[in-house]
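Residues in the sequence shown are numbered consecutively from 25, following the working numbering.
This list has only true hints and no planted wrong ones.
The list that follows gives simulated cross-link-like pairs (lysine-lysine, BS3-like), each with its CA atoms no further than 30 Å apart:
#	residue 1	residue 2
1	Lys92	Lys246
2	Lys92	Lys30
3	Lys382	Lys92
4	Lys382	Lys349
Pair ranges (Cβ atoms, derived):
#	residue 1	residue 2	range
5	Tyr101	Ala208	38 to 44 Å
6	Gly134	Phe205	27 to 33 Å
7	Leu105	Ile267	38 to 44 Å
8	Asn203	Lys30	44 to 50 Å
9	Glu353	Phe109	36 to 42 Å
10	Ile267	Glu353	37 to 43 Å
11	Ser379	Leu122	14 to 20 Å
12	Pro321	Pro136	43 to 49 Å
13	Phe228	Asn59	33 to 39 Å
Hints listed in this document are in silico derivations from the structure and should not be mistaken for laboratory results. Here the structure is a predicted model, which means the values were calculated and not measured. Yeah, the Cβ is synthetic: ideal placement off N, Cα and C, and Gly gets one too.
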Amino acid sequence: MQQVQKPYLPSIKYIRGVSMLGVVAIHVGAQYLTNPTPNLHLVTLLEIVSRFSVPIFFFISAFGLFYKIDLNAPFSYGIFLRRRFKAVLIPYIFWSALYILHDNYFYGTGIPSREYAAEILFFGLAKYQLYFLVILIWFYILMPLWIRMLRNITREKFLMLFIGQIMFNYYSSYNVELNSFIAALPQDSLLKLCLMWRLNYWVFHYVFIFILGGFFGVHSQKFFQWIDARKGFIFVTFFTTLILFVGWFYRLINVKNYDILSAINTAHQLSPLGFLYTIAASLFLFMLFQCYRFARPIQAFIGYLGANSYMVYLIHPLAITYLSKWLAESGRLMTAPNTIIFFALTVIISLIASSTLKIFLNILKSDP
25 MQQVQKPYLP SIKYIRGVSM LGVVAIHVGA QYLTNPTPNL HLVTLLEIVS RFSVPIFFFI
85 SAFGLFYKID LNAPFSYGIF LRRRFKAVLI PYIFWSALYI LHDNYFYGTG IPSREYAAEI
145 LFFGLAKYQL YFLVILIWFY ILMPLWIRML RNITREKFLM LFIGQIMFNY YSSYNVELNS
205 FIAALPQDSL LKLCLMWRLN YWVFHYVFIF ILGGFFGVHS QKFFQWIDAR KGFIFVTFFT
265 TLILFVGWFY RLINVKNYDI LSAINTAHQL SPLGFLYTIA ASLFLFMLFQ CYRFARPIQA
325 FIGYLGANSY MVYLIHPLAI TYLSKWLAES GRLMTAPNTI IFFALTVIIS LIASSTLKIF
385 LNILKSDP
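With the hints as constraints, model all of the structure from the sequences given.
Given below as structure tokens:
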């Protein structure tokens with residue numbers, strides 16, 4: 025598929041930076057839940073407000089893919105896969121192997137058999153954040169389908185996709201009969217595995233947000249004009265969905281008497297409100313960074329976060345593991361202040377590791 029010359033968009037890098045902080049917040053929030061009496065508002069910030077951060081990466085990935093290509097030109101599937109697999113598949117396999125070896129050393133999990141290793145790689149089970157790359161790989165494999173959809177998309181088809189996405193995600197997340205069926209399957213059943221880990225590889229959980237990002241990438245000029253003309257609407261929509269999403273979470277706990285973990289597992293990004301919040305957050309962040317100018321130090325900082333977001337995403341579980349070990353050995357609890365410090369240290373350590381690794385790789389590349 026022919027590349028189209030278009031200007032570089034710093035806003036994509038800025039969104040990556042903010043979203044990376046959200047991903048780290050979710051995983052630090054899981055550590056904070058080891059506190060038997062966590063501060064509910066801090067849990068909300070870490071685990072609910074940040075829920076847009078995973079699906080928005082699919083949005084900006086699609087935007088970046090389709091921003092600089094001619095949708096109507098012939099598509100070279102082989103070349104596309106080679107480039108994308110080099111950027112995603114090879115790092116995925118490398119980091120999966122690294123985490124398997126690390127967890128064997130740190131937790132004594134053992135080296136998996138060939139069959140179990142294949143299961144780990146297929147479902148993205150080597151570490152809790154790696155499933156994102158599995159879904160992204162499936163998006164790449166199915167690229168001809170997305171191209172065809174975008175070539176023929178209409179408002180009516182977008183509406184049908186929107187409704188279908190909500191229904192599909194709701195059924196996958198909350199259907200009692202489906203969960204009962206999965207639980208009744210034999211433990212060694214391949215179907216049980218495929219259904220049990222469906223959130224880790226079923227690309228169709230995120231099709232609408234991906235197609236939306238791709239559509240805006242194809243029609244980027246009109247998209248930028250649209251968000252510039254509707255700043256007020258986007259502001260109101262974002263904060264309305266945020267308030268509704270957070271309010272639902274509080275209601276689950278204070279009215280429905282859910283425990284915090286159950287409420288988090290209910291009010292997730294694939295829920296109807298979570299889905300709407302993700303779309304609103306995607307538009308809000310694009311509008312924020314595309315239509316407004318920030319002070320240079322802020323731009324430099326968020327840009328630095330964005331430039332290192334991929335490496336931080338891959339590395340940060342190691343920082344969380346060793347910071348947790350240090351806290352446990354020092355007798356410190358995950359109080360609210362300690363959790364905030366924990367989050368900051370996780371980001372800082374991951375950024376230092378990312379920058380160091382980049383320098384090392386650049387030295388290797390420049391070595392004759």
